[in-house]
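Visitor: One-letter residues, chain by chain:
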Amino acid sequence: MTDKKQNPLDINGPNFSPNMYLDKLFKESNLKQIMDHENEVIKDTQTLHSDMQTLVYENYNKFISATDTIRKMKTDFKKMETEMDLLASNMSSITSFSDQINSTLHDTREKINKLSGVHTLLQKLQFLFKLPTTLKSRMEEKNYIQATQDYLHAQRVLQQYGDMPSFQGIKSDCESILTELKTELRKQFANPNASAKDLAESVDLLLQLEEPPKELCLEFLSCAEKRLSEQLVMLKDQSEQRDIIEFVDLGCSGFLSDLCLVVASFHDMFINRVNIENVESSDIFENFAAVELDSFVKQNMEKYFNLVQSKVDSEQDVGDTSTLVQALDKFYRRTELITLCKDVDFANYATDIVINAGRKQCKAHLQILKMHFADMITKVRQTLTTPKLITQDDSSKNLSELLNSLIMTIVEKIKGVLQDLVVFIQPDIHFAQKSQFKDSFCVDNVREGLIVCFMHHFTATARSFCSKGAADPKIPPTLLLLLSKLCLDFRNGSVRFLLSQTDELFNIYPKYNAALTNENEINNTMQESAQELLNYYVRIQALNCSQMLRKSVETRDWLHTIEPRTVRAVMKRVVEDISAIDATVALLYEDQGNVTEHSSDSSRKAHSISVSKHQYRSNWSSYTPNHLDSALVSNMHRLFSERIEIFSSVEFSKVSILTGIIKISLKTFMECVRLKTFSKYGLQQIQVDTHYLQLYLWRFVADENLVHFLLDEILSSAVHRCLEPALMEPSVVDIICERG
Amino acid sequence: MDNENSVIYGLEFQARALAPQLAEIEKIKFLIGTQSLKQANNQIHVIEFHEETSIVETSVFYHSEGEIWKINTSPTDPLKLATCYNSVTGESSCSMKTAILTLPEIESSDTIENLEIVTKLDTSIFGSDVKTTDFHPTETNTAVSLTDTQLILWDISGSEGKNILNIPLEGKNSPKFTNGKWNPHQNCSQFTTATETHLKSYDIRSGDLAWSIDNAHNQLVRDIDYNMNKQYHLATCGDDAFLKIWDFRQPSMPVFSRSDHSHWIWCVRFNHFHDQLVLTASSDARVLLTSTASVSSENILETCASEDNEELETKQKLKDGPLQWCEHEDSVYCAEWTPADPWVFASLSYDGRLLISHVKKSLKYQIML
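So the protein sequences, as listed, match chains A and B. 5 is the number of the first residue of the first sequence in the working numbering; add one for each residue after it. 195 is the number of the first residue of the second sequence in the working numbering; add one for each residue after it.
Just so you know, the hints here were simulated from the structure itself, not pulled from any lab data. Hints are not guaranteed to be accurate.
[Stated by the list, open to error] Beta-carbon label-pair distances, calculated as ranges:
1) P734(A) with S281(B): 52 to 60 Å
2) Q371(A) with E521(B): 19 to 27 Å
3) M447(B) with E580(A): 37 to 45 Å
4) E558(A) with E285(B): 19 to 27 Å
5) Q551(A) with E285(B): 42 to 50 Å
6) G365(B) with H564(A): 21 to 29 Å
7) E558(A) with E242(B): 17 to 25 Å
8) E521(B) with Q551(A): 22 to 30 Å
9) E364(B) with F501(A): 54 to 62 Å
10) E558(A) with M447(B): 24 to 32 Å
[As the list claims (entries may be wrong)] Derived DSSO-like pairs: lysine-lysine, alpha-carbon spacing no greater than 30 Å straight-line:
11) K680(A) with K232(B)
12) K555(A) with K424(B)
13) K366(B) with K680(A)
14) K146(A) with K78(A)
Note that CB positions come from ideal geometry on N, CA and C, so glycine has one too.
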C-alpha cells in the first residue's frame, strides 16, 4: 500500500503520475521553490535526453555485427546437411558387408569350439588316470592335505562315471588309497605326540572326506579320554611321592592344559565349523557334539577333582597349612580360569573342595587341640597326684603357676591355630575373596566349628569330672579346684580374648550375625561349669572330713570312756586338713577383702575370740541346770539365726569355699552325735573337741557365728544325749586345748 | 511355703520315731515315740487328725522301757505296734531292745497308761543295736527284726518271739545294716535291707540273697520304700542328699534320681495311692513332696488309656520335681503318709514338732482330674 501511495509521487517510479506530483508540488511549495524545482526538472530532462542519445549510438554497431554472423551461419548449415546424407548411405553399405562375412565364417567357428571341449575333457581324464599314482606319491610324502585336495577335485567325476568299467579301476584304486589315508589320519588321534594342530588338521581333512562327524567326534573324544586318563593315572602315581604343590602344578600343567587343548580343538573342529556347510543338520550335530563334550569334560573333571580331593585329604594330616593353602590357591585359580562347559561352573566344585579342605583342617586342629587339652589335664593330674606337690609348701606354690601356664598354653595353642588358619583368608589367596568360601570357612568352620566347639569341649571335659567323680574317686580334689578356677579365668577374659581375636583375624562381625554363638553364652557355660566343679570340690573335701568325723564318733564307745585329757587326734587331723585346703585354695583365690579383715588387725582377732568365748560360756553354763532351759536357749538361738543351707552353692572365694566345707563337716558331726548316747566323760570329750574346733576354725569362715552356732548345736545335742550331763570347767577345757 | 494348711502338734521331748497306723484306714492316725534318756519320761502319742475340723486329738501312753528310736505298726492289727528302744540299764550303760506292744482297746482318759508288751523279742545274742522291727505285710504272726549285723525272722504268736531264721550280714570291714523293709510284692517273701551304700534283699523262705544293688548311693543309704502300685520299683535316699528310684531288675542305674535337699535324706515314702507323690525328710529341716510322674504307675495307665480314649490325653501330666515343702526348725527324721487319706501326710522334726499337712489343692485336682 505504501508502495502504491509513494509510487505515484516517485519521479523515477514506473507508476509516476505527473498530475498528482504537480498537485502535491503546488500545494506544498512556494513559488520560488516551484521555480527552482522547474529548473531542476528541466535540467534533469536534458541530461537524460543526452544520455539516451549516447546509448543508442554505442549499441548500434553491435546490432550490425550480430546480424552479419547469423547470416553466415545459415549458409554453413546448408553444406553440412549434404555431408550427413552421404555418411548415412555409406554406413548402410558397411552393415550389409559385415552380414555377408558373418554368414560365411559361421561353420568354422563351431568346429573350433568342439575341438577345444574335447581337449579339456582329455586333460581331466588324464588327471583321473594319474590320480591313484599322485595320491600314492602324496601319501608317501605325507602331504595329506594335497592328497585330499586332489581327491576332492576328482571326486565328483568319479562319482558320476564311477560305474563305467573304464573308471571302475581308478575308483577302486582311489578308494583303497583313500581308506588308507583315512586310517592314516585316524592314527593321528591315537598318536600321543601329535600336536593339537596336527589333530585339528587331521579332523579337518577327515571331515572334508565326508566322514560321519558324530562318529568322528566320539572317536576323537575316546582318544582324548585315553590320553587324559593316562595323565590321571600318572598323577595318581605321583600323588604319593610328591608334595601337594608339586602335585597341583603337575595337575595344572599336565591334565588341565591338555583338557583345555582338547576342548578348544574340539570346538574348532566340530562345533564352530560344521555350520558352514549344512545349516539344518549342523544345529542337531552341534547340540550332539556339545552334549558329548560336556559329559566328557564333566567326567574328566570329576575324576580330576576326586584325585585332588583325595590328595588334599591325605595331605591334611601333615598339618602344614601354608603349603596346603598355596596349593589350593593354585588349584583354585587354575580351575576358575578355565570355562570348559557352558552350564557347569567348575569353580563351584573347586570351591567345594577348598571349603572341604578348610573344614577338614579346622577339624584336624580341633582334634589336636582336644588331644592337647586332654594331655594337659592328665599331666596336671599326674603332677597333682604325686604327693609332694600337695604337702610341700614351695612346690604347692606352683599351683597358681600351673594354672597360669595351663591358661597360657591353651590360649597360645589356640592363637597358634588361628594364625595357622588365617593363611586361608590371606588377601592374595584367590579363593579367599569368594564370599561363599569366606562365609562358611570363617564363621562355620573356624569360629563355630573350631573355637566355640573347643570351648564347649572344654567345659564338657571339665564337667565330666563332676559326674564321673562318683565312679572315680581317684581324681585329686585339687584338680577340681584347678579346673574350676580355670573355667572361671577363661570366663573372665580368655573367652573374650579368643573370640575377639578370631573375629578380628577372620573379619567376623558378631553384631550383625545372630546365628553366631554369643560370648555370653560361652561365658555362662564356663561359669556354670566352674560353679559345678567348685560345688563338687567342696562336697568332696567336706566328705573327706565328714567321713573322718563320722567314723570317729561311730566307732567310739562313748559310754565307757575315760575323762578327757587331750583333744582327740581326729579333730587335729580335721583342722590340719582344713588348713591344708585353705592353703591350697589360697593359691588360687586371693580374698583381698577378707584377708585384711582377719589378719591385718590383730586387736580384732583377740577381741573376736574373747567375745566368742564369752558368748560360748554363757551358753554352756545355761545347759547345766536343766534340760528345758538349754532347749529353750537353743531354740531361741535358732529362732534368731538364719537358716543354714548345708549343701548350698559356694561363691568363688576362699572364705566361701571353706565355709562350705566346714558347714558340711560340722553338720555331719552333729547328726552323728545325735545318734549316740554319752556318759559324762563322753560329753566332756565332745566339749573339749568342739572347743578345739572353735579355736581353730573361726578364721576360715566369713561369719564366725556360723561356726559358733553349729558347734553349740553339737554340744547341746551331746548334752541331750548324755545320761549324766555335767560339763567340764571351761578353764580346764582351755588348758587341755592349748596343751593339745 | 504353705504351712497355713498344716497343723502343728508339739511334744515336750525330742522325737525321731513316727508311724502311721497302717491297719486303720478310716481315721487318720499317727504314732509318735519320744526320745529321752530319762526312761520314765518316754511316751507314745497316738494322734488322730480330724480333717474336716483340723483338730488333733491325742492319747498319750508311757513307754517306760526306754527311749524310742523306731516305731512300726502292724498292717493287720490296728492295735499292735513294734518299737525299737534304748533302755538305760545302769549308771553308764544302755542297750537297744525291741518289742511288740499293744494299745488298749478302750482308752481311759484320766490316767496315762503304760503300754503293755505283748511279745518280747530278745535280740541280745544277734547284735548290740536294733535298727527296725517290721511286721509281715499280710501274716499276722510274722515279723522281722534287723540288728546291726543280722536279720531275724520271728514267730510272734506267743509272748516270747520265736526265732525262725536268722541271716547274718557278710562282708569285709564288718558292715552294718542301717534299715530294712518288707517287699510288699511277690507274696511278701523278700525283705530288703540297706547296708552302707548298698541294698541287699533276702528271700526269707530260704535265707538266700535274692538280689542286691551295690553302691546305690555315694554315701550311706538311710531309707527304703516300696512302690505299692508298681512291682520292682523302690525308692532309696541317703547321705548324698539324693532321692533315687530303682527298678531292681536293672541294678546298674536308677530310673529316677534327684537331689533337691541340701543335707542327708533320712526318710522316703511313696504315696500309697498316687505313687507319683514321694515324700522325703531331710536334716536340712525340710520335708519335700516330689513328683516322680515319669516313673509312676499312673504314667503307664495313662499311656494305655490315651490310646483308645482321646479325652484322657488332655490330662496335664505333672512334671518331675519338687512340688511343695514344709519347713521345720530342726532336722526332720520322719515323714509319713496316712493310709486313710491320700492327701494327708505328717512329718516329725527332732525338736518334737509334728506337722500334719495337706497336698496342695491345685496339685490334688491336677492329679485327680
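Visitor: So which of the earlier hints does this model not fit?
Guide: 1, 2, 5, 7, 12, 14
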